[in-house]
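Trainee: Turn these sequences into a full structure, and let the hints steer you where they fit.
Protein chains in written order, with our numbering: chain A, 1 to 130; chain B, 131 to 512.
FYI, nobody ran anything at the bench for these hints, they're computed from the structure.
Being a predicted model, the structure only gives us computed values, none of them experimental.
For each residue, glycine too, the CB sits at the ideal point set by N, CA and C.
Keep in mind that a hint or two might mislead.
[What the hints assert, rightly or not] The following label-pair restraints were derived from C-beta to C-beta distances:
hint, chain 1, residue 1, chain 2, residue 2, range
1, A, P11, B, G430, 52 to 60 Å
2, A, P4, B, G391, 35 to 43 Å
3, A, Q47, B, L316, 44 to 52 Å
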Amino acid sequence: MPSPRYWREIPSRYRLEASRCCGCGKVAYPARKVCPACGADDWKQIQLSRHGRVVTSTVIHVPPDDFLMEAPYAVAVVETSEGARLMVQVVDCEPAEVVPGTEVNLEFRLIRREGHGGILCYGYKGVPAG
Amino acid sequence: MREVAIVGAGMTRFGEIWQSSLRDLFVEAATEAMRNASADHLDAMYVGNMSGGQFVGQEHLGPLMADHLGMAGIPAARVESACASGGVALRLAFMEVASGMSDLVLAAGVEKMNDGADVTAVLASAADQEAEAYHGITFPGLYAMIARAHMEAYGTTEEDMAAVSVKNHRHGALNPKAQFRREVTLEEVMNSSLVAAPLRLLHCSPVSDGAAAVLLCPLERAKEFTDRPVKIIGSGLATGSMALADRNEPAFLDSVSLSAGRAYKMAGIKPSDIDVVEVHDCFSIAEICCLEALCLVERGKGGEAARSGLTALGGKVPVNTSGGLKSKGHPVGATGVAQAIEIFEQLRGESGDRQVADASIGLAQNMGGSGASSAVHIFQRV
Numbered sequence: 001m002p003s004p005r006y007w008r009e010i011p012s013r014y015r016l017e018a019s020r021c022c023g024c025g026k027v028a029y030p031a032r033k034v035c036p037a038c039g040a041d042d043w044k045q046i047q048l049s050r051h052g053r054v055v056t057s058t059v060i061h062v063p064p065d066d067f068l069m070e071a072p073y074a075v076a077v078v079e080t081s082e083g084a085r086l087m088v089q090v091v092d093c094e095p096a097e098v099v100p101g102t103e104v105n106l107e108f109r110l111i112r113r114e115g116h117g118g119i120l121c122y123g124y125k126g127v128p129a130g
Numbered sequence: 131m132r133e134v135a136i137v138g139a140g141m142t143r144f145g146e147i148w149q150s151s152l153r154d155l156f157v158e159a160a161t162e163a164m165r166n167a168s169a170d171h172l173d174a175m176y177v178g179n180m181s182g183g184q185f186v187g188q189e190h191l192g193p194l195m196a197d198h199l200g201m202a203g204i205p206a207a208r209v210e211s212a213c214a215s216g217g218v219a220l221r222l223a224f225m226e227v228a229s230g231m232s233d234l235v236l237a238a239g240v241e242k243m244n245d246g247a248d249v250t251a252v253l254a255s256a257a258d259q260e261a262e263a264y265h266g267i268t269f270p271g272l273y274a275m276i277a278r279a280h281m282e283a284y285g286t287t288e289e290d291m292a293a294v295s296v297k298n299h300r301h302g303a304l305n306p307k308a309q310f311r312r313e314v315t316l317e318e319v320m321n322s323s324l325v326a327a328p329l330r331l332l333h334c335s336p337v338s339d340g341a342a343a344v345l346l347c348p349l350e351r352a353k354e355f356t357d358r359p360v361k362i363i364g365s366g367l368a369t370g371s372m373a374l375a376d377r378n379e380p381a382f383l384d385s386v387s388l389s390a391g392r393a394y395k396m397a398g399i400k401p402s403d404i405d406v407v408e409v410h411d412c413f414s415i416a417e418i419c420c421l422e423a424l425c426l427v428e429r430g431k432g433g434e435a436a437r438s439g440l441t442a443l444g445g446k447v448p449v450n451t452s453g454g455l456k457s458k459g460h461p462v463g464a465t466g467v468a469q470a471i472e473i474f475e476q477l478r479g480e481s482g483d484r485q486v487a488d489a490s491i492g493l494a495q496n497m498g499g500s501g502a503s504s505a506v507h508i509f510q511r512v
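Mentor: This is how it looks when you write it as structure tokens:
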């Protein structure tokens, strides 16, 4: 990933910044320019809580080359208390135990190494809540 | 709008076709479609292709393919909507003929996937790069999450999904163009290796090379090219949320429902009028979800359809008589056009051992990504 793109995505990747529509209250993550629910373009920036619940999940056994060393790993759609849904890996657990309803904390982690330079790319991963 | 007919079709076999390049595959299918209709020229051409750029480093397929078809000079463009590229190429060709702008238009699709690319990563570029692919999700993974959501909501089982694969392989075993011309048992599917839980290898369509092409013209001129034209009576295209996380109901494919509604409305028919169906079974769960979104079964009842025999050859609504993407193969850009060819041949009574008796109306549904786009076409025997 070219570095300008990585830099651009830091607010959502590093700080879990989302936005709440001033028209209808919909929460968009990552932030958007136009509300997919009501069409308004007036937003208030919010920060997502670091906690959520698994909506649906899978365990990747055949990964893309960049993730070869990590398989098998769990990936889930997690809903936060603000109503935002995000796709994250869920780690530090048996991947098969990540199922709909599992409560997770979102922790800042290394996501991938990219390109020949091996640029370190960070973001959030879910960890089952104790 | 003018009435539009398909008058010729051609396709390569699907599979790992090491000896043929992207352009070889295209030219083979396109020349067969033209010869099939005894056509010696084209007024325009659309080439459905998901990712020649990433699979083989080749973009700009409109002029390349026109040139190699011996048609340099005609209007031609490449069309992309991920795995629905072929279906969208067909729609654009249909619109061009219907509008009166051109008479003889070729709708083609082609993909060369077995040339050394990281196929899993290339396909994942049809997902949301920023919100999904970044985290290591794959296409089997996205459909696995749809499957798990469907299992949660409706009690669908792994056996239900496996029954789709068994049925489609049984159909594909009868198709000379299919990549896997063999049957599989429920046990083989259930015991195949995990790709993205709960989806196993035999729930997944393969990585394929292939091309398909159909020739369209105004219905009023169809008899110049064939005595058995097939009319396109409905065309619907729709988009939905790109990221799975943005869908309220991950187990329901909104774009398929919308595109089907538009096609049914244009055709002036009901789902129960359809005799034969091709749906986008890139994964077994996709066929289950598509049947529901096309209103061929009630919502939540898709899981029973294959198990009960409803969708098998000889059943009430035969689905994927070609073998579907699962058994016939899935060269992504070609798939939408190949689906149309199966319906074209069914309605002409040319499907041999796979023939659905007295089929007069057929439907083809072609999906892009994890359901972010869908193209539906409805065809009628003339």
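Trainee: Against the structure, test the hints numbered earlier, and report the numbers of the ones violated in rising order.
Mentor: 1
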